[in-house]
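Enquirer: Here are the chains, one letter per residue:
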Amino acid sequence: AQSVSQHNHHVILSEAASLELGCNYSYGGTVNLFWYVQYPGQHLQLLLKYFSGDPLVKGIKGFEAEFIKSKFSFNLRKPSVQWSDTAEYFCAVENQAGTALIFGKGTTLSVSS
Amino acid sequence: DAGVTQSPTHLIKTRGQQVTLRCSPKSGHDTVSWYQQALGQGPQFIFQYYEEEERQRGNFPDRFSGHQFPNYSSELNVNALLLGDSALYLCASSLQADYEQYFGPGTRLTVT
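In order, the protein sequences belong to chains A and B. The numbering used here applies: residue 1 is where the first sequence begins, and numbers increase by one. The numbering used here applies: residue 114 is where the second sequence begins, and numbers increase by one.
With the rest of the complex left out, here is chain A (with noise of 0.2 Å):
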């Protein structure tokens, strides 16, 4: 079965520091991967997705994310986070059947001002 791991459960950074939230994945074939950010008492928002081509993707509030098909990843990045960066962000990957999103546990990104 496929499945999704998040290496970082909480991550604590000062405002301007770099960020990067691991994330691999289980399925070997093709795949469609998503970040989702849940800011505190807000949905799940969508962050990014990599469905082909160009293995850098550009999603809003400046992150980015990178797929590297050998090593599983889909890494998450953002050059200098902001308090308003704190949140629970989760990785996903679309099942085979495209019907369902499998989530990793999600790392809480605490920002300090």
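Keep in mind the hints are simulated off the structure, nothing from the lab. Just to be clear, a hint being listed does not mean it is correct.
[As the list claims (entries may be wrong)] In silico lysine to aspartate or glutamate, DMTMM-like type, Cα no more than 20 Å apart, as pairs:
1. A:Lys69 to A:Asp54
2. A:Lys71 to A:Glu15
3. A:Lys58 to B:Asp211
4. A:Lys58 to B:Glu213
5. A:Lys49 to B:Glu213
6. A:Lys49 to B:Asp211
7. A:Lys61 to B:Asp198
8. A:Lys61 to A:Glu15
9. A:Lys105 to B:Asp198
Here the structure is a predicted model, which means the values were calculated and not measured.
Once you have looked at the hints, place chain B on chain A.
Expert: Same frame as chain A, now just chain B:
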């Protein structure tokens, strides 16, 4: 343009009871998926409805059932509630031909 809406926001039930959660998809969307998010975990896929039929089901027991109406809204029913059913239940809608799922705010279910 209204996004995905869910009701109720919070719900408290007793073990053994039954519960119904409701979801209205984003305008123009025809597919509804339900997820369960336990505390400290990522969302887990329960099932997806399209054209009023259950299209795919995740690893959840038959106590979890659903329905989709002609207007694309959906219900999630859980029978014989267990303490372990306490979670945030998320509804997501999408367009059949599109991959992106839009999530609602969720219903927080507490089983005592």
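Enquirer: Mind checking the alpha carbons of A:Lys105 and B:Asp198 for me, to see if they're no more than 20 Å apart?
Expert: Since the Cα atoms of A:Lys105 and B:Asp198 sit roughly 18 Å apart, the hinted pair holds (cutoff 20 Å).
Enquirer: Between A:Lys61 and B:Asp198, is the straight-line Cα distance small enough, at 20 Å or below?
Expert: Violated: A:Lys61 and B:Asp198 sit about 35 Å apart, past 20 Å.
Enquirer: Quick one, are A:Lys71 and A:Glu15 close enough, alpha carbons at most 20 Å?
Expert: violated (30 Å)
Enquirer: Below or equal to 20 Å on CA atoms is what counts here, so check A:Lys58 against B:Asp211.
Expert: holds (19 Å)
Enquirer: Verify the proposed pairing of A:Lys69 with A:Asp54, using a straight-line Cα cut of 20 Å.
Expert: Answer holds: A:Lys69 to A:Asp54 is near 12 Å, not above 20 Å.
Enquirer: Tell me if the straight-line CA distance from A:Lys58 to B:Glu213 falls inside 20 Å.
Expert: holds (16 Å)
Enquirer: Decide if the proposed pair is consistent with the structure: A:Lys61 and A:Glu15, CA atoms, cutoff 20 Å inclusive.
Expert: holds (15 Å)
Enquirer: Taken at face value, is the distance from the CA of B:Asp211 to the CA of A:Lys49 at most 20 Å?
Expert: The hint holds at about 12 Å.
Enquirer: Taking only the CA atoms, is the gap from A:Lys49 to B:Glu213 under or equal to 20 Å?
Expert: Given pair A:Lys49, B:Glu213 holds - Cα atoms ~9 Å apart, limit 20 Å.
Hint compliance for this structure: hints 2 and 7 are not met, and every other hint is.
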